[in-house]
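First to last, the protein sequences are chains A, B and C.
Quick note on the numbering used here: the first sequence kicks off at 6 and runs consecutively.
Quick note on the numbering used here: the second sequence kicks off at 1426 and runs consecutively.
Quick note on the numbering used here: the third sequence kicks off at 634 and runs consecutively.
One should not assume that every hint holds.
Said to hold, decoys possible - Chain C is nowhere near these chain B residues, computed Cβ spacing over 12 angstroms in every case:
| hint | residue |
| --- | --- |
| 1 | L1467 |
| 2 | K1497 |
| 3 | V1605 |
| 4 | E1611 |
| 5 | Q1670 |
| 6 | T1681 |
Unchecked claim - Derived DSS-like pairs: lysine-lysine, alpha-carbon spacing no greater than 30 angstroms straight-line:
| hint | chain 1 | residue 1 | chain 2 | residue 2 |
| --- | --- | --- | --- | --- |
| 7 | C | K776 | C | K751 |
| 8 | C | K874 | C | K857 |
| 9 | A | K42 | C | K874 |
| 10 | C | K819 | C | K777 |
| 11 | C | K751 | C | K777 |
| 12 | C | K776 | A | K42 |
| 13 | C | K819 | A | K42 |
| 14 | C | K863 | C | K874 |
| 15 | C | K743 | A | K42 |
| 16 | C | K874 | C | K698 |
| 17 | C | K698 | C | K759 |
| 18 | C | K698 | C | K866 |
Everything labelled a hint here was simulated from the structure, so no lab data went into it.
No residue lacks a Cβ here, since even glycine has one placed at the ideal position from N, Cα and C.
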Amino acid sequence: MSNQALPRPRFNAPEPEPGSKAALKIEARTTPLLQGKVSEVPDVAFGWAMRLCGLAVVALLGLIVYQLVVGSELSWHAFGWKFFGQSDWNPVSDQYGALPFIYGTVVSSLLALVIAVPLSIGVAVFITEMCPIGLRGILSFTTELLAAIPSVVYGLWAIFVMVPILREYVQPFLARTLGWTGLFSGPPYGIGMLAAGVILAIMIIPIISSITREVLIVVPQHQREAVLALGATRWEMIRMGVLRNARAGIVGAIILGLGRALGETMAVTMVIGNRPEIAKSLFAPGYTMASVLANEFTEATGDLYLSALIEIGLALFFVTIVVNALARLMVWSVTRGQPARSIA
Amino acid sequence: MPDTNPNSAAVSAQQVNISPISWRRRVTDHVMTGISVLTVLLVLLPLFAIFAYLVYRGIGSINIAFLTQTPKPVGEPGGGMANAIVGSMVILAIASLLGVPLGIGAGIFLSEYGRNRYGDIVRFVSDVLNGVPSIVIGIVAYGLVVMRQKHFSALAGGVALAIMMIPTIARTTEQMLLLVPQAIREAAYGLGVSRWRTTLSITLRTATSGVITGVMLAFARVAGETAPLLFTAFGNQYWNWKTDQPTAALSLQIFTYAISPFDEWHRQAWAGALVLIILIVGAVAAVRIAVRHGTLAGA
Amino acid sequence: MGVGITVEHLNAFYGKTQALFDVNITALANHATALIGPSGCGKSTFIRCLNRMHETIPEARVDGKVLIGDLSVYNGTSATQLRRRVGMVFQKANPFPTMSIYDNVAAGLKLNGFRNRKQLDEIVQKSLQSAALWDEVKDSLHKKSGASLSGGQQQRLCIARALAVQPEVLLMDEPCSALDPISTGKIEELIFQLKEQYTIVIVTHNMQQAARVAEFTGFFLLGKMIEFDKTEKIFTNPSDKRTEDYVTGRFG
């Protein structure tokens, strides 16, 4: 029959004698150990309980939208779209225009980005590309520590430490050198749009830098090596091999930082001056959407007043959702859906 | 003899190519490295400054009186933030009671029952919720609780913070559960353990330390929040043990004192801020230690 | 005492793909039946159909009849209840990493509501003895975690864990493929002893192993059972040419 290419297998080795060491005593069973019928009910119930929890998350979002929309109905009926174009905010005469707050939010956030983006990218590049391995952990840990400081503590420090510095040194310096632009005119209060922009910048640096870091790490090593092999210096390698590839992700990180800045409330409220005016100078006090909510919500006498505030909340909600969604799309396109970090 | 040194070609090319361009590029490289280092220092500077000032301005004011007394009327020296510290703990306890079970449940759903379209929707909504500004959440909690009850309360504050905790905890729980290898679940199924028992006693149990870390991170994040409490807990200068009254909270107190015109209150604001940071860091560290001591050798 | 297994006209599907085609097998009580065949031929799928483990994969579906003793696997009982009578040992040892050795062995009982501490101690000891692991771990039952043992020890721990529930059938899916020859030898000796009390079905890549431990062998190829007979016949005088080719090493 078959060729004898393989050695013939041995079949069923002889059974060891009962008395020998190898014989293990296995006791005979008479009845099954685990008695009783297993009910399907707990499994089904548990499954539904978990699904309910998942549903609760979606319901939460629905709840938020519902509360905001219903609450702002009064104001919407009174002012319509003009609400966002008018700059007259007068609770006494029941006239509400949200433009100063939109302006303040946008300007303070953009200013924060202008300051924060170069710093964040610099830190991220340093940690991923230039830093000695031993320092890497400590540095990334300390930048994350910045993210853990509560907003009100930032605000506290800003009022008593940062603002005096701005008032005594930075603002006069800016007025002298760049005052001709019109951006740095007017009395240097310290408090104002500039202060808000600076403290916001400090607060969003951790987010932008940590997402940027993740995006840079994902750039494949062979991209770096290819540029180096052409004789590039380290900076040129970073610029051409890494940053260029990570561009979309970095933009995403920046937009995420913007999203955070738009919604930031306490620190901004404490240093922006809380005056609903639109001014060109960054030294002037301003007001953001989040700040007016913080300051005036509990003081709102009258339904229209409250409704106008809630409408501002609705606008803020909508804008931050869109910005965050856009940002996540861009970051995801680079990191390809690796676990999303919870943005603290 | 054939030249087998691979670097010699590059070296000789460089020797030939000593031109201003090469010098400029080298300088640029060094300058950019210097700029990077500078950015790191600039970023770390506020961090150290904040912690330094916290300790410098706050440590002197933390004493027994501060920790055990309630605020004195305006103008009088002394007094403390005892009611705010306790108030914060109460609000956080309520928030955790509401938020942690729901969050972990949603996380279990996402990892064990949600690897499908429905799970994707919940995942997406979770991420959206994470980005909602905390003041907006405060408005929602106001509408849900304060308007119904016609008064501010710790419950309203707890609800607001719970809404913030749930999406974070859900996502981190999901990720930790997904790390548990499928083989572990199969081992339990193979023994005839029902699915719900496997999920809780095996899968969740294996991922425990990771899940707890996620919960602590969410907790630390909301512990310092002020905005959502502004119109839910509202703040209170006195002790409050009733559920139908506004409640003091540490972060609220810091805010109120910081923007006031009184030096005395400014001093206490620094102390309060330092206490807040210590409490948050302390809570996170305590949980980390407890989790590590509960594990077995080699696990 | 073990019980026999009867499989009739078993077809298995993963979504649209068919993995098993009309498989018929009878595994005798208190004997070991080996399933051999090249990679991907469906033997793992088959063995997982016996205790409905394939149901953990979302798109899996099964057609046909499986009887364990006189219990119909697909109509007569819930999967959970079935799996208490049919134990499984997997290819890669999977002890519960956060549990001690004791808790690992007792897991099948404790998680199903069994609480009697004294009886648990007895059962854990007997199971570890049956798995030839007792002497090596008896001093650190509660101190060491299941994951801190060596590969061979972990697999024996998994066998003890499966035995603790006192099933009537033991399914083994390539239990030794990740182990060194000495551990493999120990486990093969074990299987030999266990045959007295349990019905064993073992999937193996290793033909010599099938020859060493099993009285009956089934040869799988591309989802079909090509030949099922006494081990001796399969290896010395197979009826099907494909079996002969595989067994003599012409492919696979």
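- Given the hint that K819(C) pairs with K42(A), does the C-alpha gap stay at or below 30 angstroms? violated, 36 angstroms
- Query: Given the hint that K819(C) pairs with K777(C), does the C-alpha gap stay at or below 30 angstroms?
  - Reply: holds, 22 angstroms
- Query: Given the proposed pairing of K776(C) with K42(A), does the C-alpha separation stay at or below 30 angstroms?
  - Reply: violated, 34 angstroms
- Message: Does K751(C) sit within 30 angstroms of K776(C), going by the straight-line distance between their CA atoms?
- Response: OK: K776(C) and K751(C) at ~19 angstroms, within 30 angstroms.
- Message: Checking one constraint from the list: CA of K863(C) to CA of K874(C), max 30 angstroms. Satisfied?
- Response: Distance of about 16 angstroms is within 30 angstroms: holds.
- Hinted pair K698(C) and K759(C), Cα distance within 30 angstroms: violated, 34 angstroms
- Would you mind confirming whether the straight-line C-alpha gap from K874(C) to K698(C) stays at or under 30 angstroms? Within the cut-off at roughly 28 angstroms; holds.
- 30 angstroms Cα cutoff - pair K751(C), K777(C): holds, 21 angstroms
- Straight-line alpha-carbon gap K743(C) to K42(A), limit 30 angstroms: holds, 16 angstroms
- Non-interface claim for V1605(B), where every Cβ of chain C lies beyond 12 angstroms: With a cut-off of 12 angstroms, V1605(B) comes too close to chain C, as the shortest Cβ separation is near 9 angstroms.
- Task: Test the statement that K1497(B) is away from the interface with chain C: the closest C-beta pair must be farther apart than 12 angstroms.
- Result: The assertion about K1497(B) holds, with a minimum of 52 angstroms to chain C.
- Taking C-beta pairs only, is T1681(B) more than 12 angstroms away from all of chain C? holds, 46 angstroms
Hints 3, 4, 9, 12, 13 and 17, counting from the list given before, are not met by this structure.
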